[in-house]
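One letter stands for each residue in the lines below.
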Amino acid sequence: MIDLTKVFASTALLLAVSACTNYYEIGIETPLQPKLDVSQFQRVLIAGFVAGGTEDIDGNLETARLLRSQLRSESRLQVIDSDVLDLLEIAKNESNSENQERENENGNSSEAIENQDDENELSEEDLEAYDHIFANIGYWRQLGEEHQNPLIVTGTIYFTPHQRSGMVTREREIYDEFGRRSVVPVRAYRDRRGFILSPKFVFIDGRTGVTIHTERHREEVLYDASRNTPALSSYFELMDRLMPAFLGALSDQSIKGSRVLLK
Amino acid sequence: MVSRFLLLASAVLLFTLNSIIYADERDEARAQVEFGISVARAGLWQEAIYRWERASKIDPAYASAWNNLGIAYEREGFFNEALEAYETALDLEPDNLMIQQNYDLFREIHDRLDESFR
Chain A
1 MIDLTKVFAS TALLLAVSAC TNYYEIGIET PLQPKLDVSQ FQRVLIAGFV
51 AGGTEDIDGN LETARLLRSQ LRSESRLQVI DSDVLDLLEI AKNESNSENQ
101 ERENENGNSS EAIENQDDEN ELSEEDLEAY DHIFANIGYW RQLGEEHQNP
151 LIVTGTIYFT PHQRSGMVTR EREIYDEFGR RSVVPVRAYR DRRGFILSPK
201 FVFIDGRTGV TIHTERHREE VLYDASRNTP ALSSYFELMD RLMPAFLGAL
251 SDQSIKGSRV LLK
Chain B
1001 MVSRFLLLAS AVLLFTLNSI IYADERDEAR AQVEFGISVA RAGLWQEAIY
1051 RWERASKIDP AYASAWNNLG IAYEREGFFN EALEAYETAL DLEPDNLMIQ
1101 QNYDLFREIH DRLDESFR
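Chains as they are written, first to last, in our numbering: chain A, 1 to 263; chain B, 1001 to 1118.
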């Protein structure tokens, strides 16, 4: 038999607690409208990227492959399957032919963008020198025509290792003479290594070849120097962080969280 | 002497009346806020917004009403209104850590959106 006294007592306690509660934690989903109006596009082409930094991964191929697979599951747009463009090579050729034309016009050699063939890694500044490819309206319009006027996504990807040394605060477990455990913050000098990912996404209207939106991001991760983290897994870790922002340009997203309602 | 007494009495009466009216307003606003909380917890956010807007009109100095409005506007995607509501709540109660926490979480999303638009 249920002890009625206990039931009354617990009910009274519950009522008393709820009467005294002046706040309620509540879960909410903050909706994010897409930054771009893509209603006029049925298809999206992830064309390729001008990639720089470490050669441990192919930033162009990996980024195109990852964005395609994400858009397939997270966007209503049909993702076009096509070969990923070697945009760096295309941009270099464009620079060279422009320089050649200028030389022919002036009759002397102009300041050319140096060919980076003999250099292994492109720096962030080197990548900026190829930005002119995104302003080549004719090139993108033609590419758009070949793929039935999609939204074109392209840009630059800079992924490079870096290291930083300095004081780091860590928590350390200690036990006193009675065996009681406590956690104390300890500052120590550490060598840390990691990676920087700095992509620029350029969204181009495939019907006109005009850039309609540009987004820049920068993420970095550092690990203890003793940890040997492969470049590819760091690349995915960093891309994972900025993926919601990229997808938020094209499709509805929401961020889950909690807030406190007050009486 | 009599006139001084009358003056004092009317001042006391005015103060008391004012306190009663203010207490009534706060009670009415509190009832709206509490009802808003119960409907929000049931998922009826539009009704909650209506209740908290009423509460903030009845008693514009009621920080909780503004805080809750901030949350509801944020949830509905009205970010400018949410920002204004949270900031009003914080102006009214700058030391309230719960309002500050709600505001900080909202600003994290708001600023990130702003940044990627730049």
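The set of hints was computed from the structure by calculation and includes no laboratory data. Treat the hints with care, since some could be wrong.
[As the list claims (entries may be wrong)] Once the Cα atoms are required to be at most 20 Å apart in a straight line, the calculated DMTMM-like pairs of lysine to aspartate or glutamate come out as:
1. A:Lys-92 - B:Glu-1093
2. A:Lys-35 - B:Asp-1024
3. A:Lys-256 - B:Asp-1095
4. A:Lys-35 - B:Glu-1108
5. A:Lys-35 - B:Glu-1034
6. A:Lys-263 - B:Glu-1025
7. A:Lys-263 - B:Glu-1053
8. A:Lys-256 - B:Glu-1108
9. A:Lys-256 - A:Asp-131
10. A:Lys-263 - B:Asp-1091
11. A:Lys-35 - B:Asp-1095
12. A:Lys-35 - A:Glu-74
13. A:Lys-256 - B:Glu-1053
14. A:Lys-263 - B:Glu-1108
15. A:Lys-92 - A:Asp-131
16. A:Lys-263 - B:Glu-1087
17. A:Lys-263 - B:Asp-1111
18. A:Lys-256 - B:Glu-1034
19. A:Lys-263 - B:Glu-1093
20. A:Lys-256 - B:Glu-1076
21. A:Lys-256 - B:Asp-1111
22. B:Lys-1057 - B:Glu-1034
23. A:Lys-35 - B:Asp-1111
[Stated by the list, open to error] Stretch by stretch, here's where chain A covers chain B in the computed footprint (C-beta under 8 Å, at least three residues):
24. 1037-1044
25. 1053-1062
Built from N, CA and C at the ideal position, the CB exists for glycine as well.
Quiz item: Holds or violated: A:Lys-256 with A:Asp-131, Cα cutoff 20 Å?
Solution: violated (36 Å)
Quiz item: Are three or more residues of the region 1053-1062 of chain B within 8 Å, CB to CB, of chain A?
Solution: violated (count 0)
Quiz item: Taking only the CA atoms, is the gap from A:Lys-263 to B:Glu-1093 under or equal to 20 Å?
Solution: holds (14 Å)
Exercise. Quickly compare the C-alpha distance for A:Lys-263 and B:Glu-1053 to 20 Å and report which way the hint goes.
Key: Since the Cα atoms of A:Lys-263 and B:Glu-1053 sit roughly 14 Å apart, the hinted pair holds (cutoff 20 Å).
Quiz item: Does the alpha-carbon distance linking B:Lys-1057 and B:Glu-1034 stay inside the 20 Å limit?
Solution: holds (15 Å)
Quiz item: Does A:Lys-92 pair with A:Asp-131 here, judged by a C-alpha cut-off of 20 Å?
Solution: holds (11 Å)
Quiz item: Holds or violated: are the alpha carbons of A:Lys-256 and B:Asp-1095 at most 20 Å from each other?
Solution: Measuring from Cα to Cα gives roughly 26 Å; hence the hint is violated.
Quiz item: Is the Cα-Cα distance between A:Lys-35 and B:Asp-1024 20 Å or less?
Solution: violated (46 Å)
Exercise. Given the hint that A:Lys-256 pairs with B:Glu-1076, test it: the Cα-Cα distance must not exceed 20 Å.
Key: Given that 20 Å is the threshold and the Cα spacing comes to 13 Å, the pair holds.
Quiz item: Are A:Lys-35 and A:Glu-74 close enough, with their CA atoms no more than 20 Å apart?
Solution: holds (15 Å)
Practice problem: Sort out whether B:Glu-1108 lies within 20 Å of A:Lys-35, counting only the CA atoms. | Solution: holds (17 Å)
Quiz item: Keeping to a limit of 20 Å between CA atoms, is the pair of A:Lys-263 and B:Glu-1108 held or broken?
Solution: violated (25 Å)
Comparing the model with each numbered hint stated earlier shows that hints 1, 2, 3, 5, 9, 11, 13, 14, 17, 18 and 25 do not hold.
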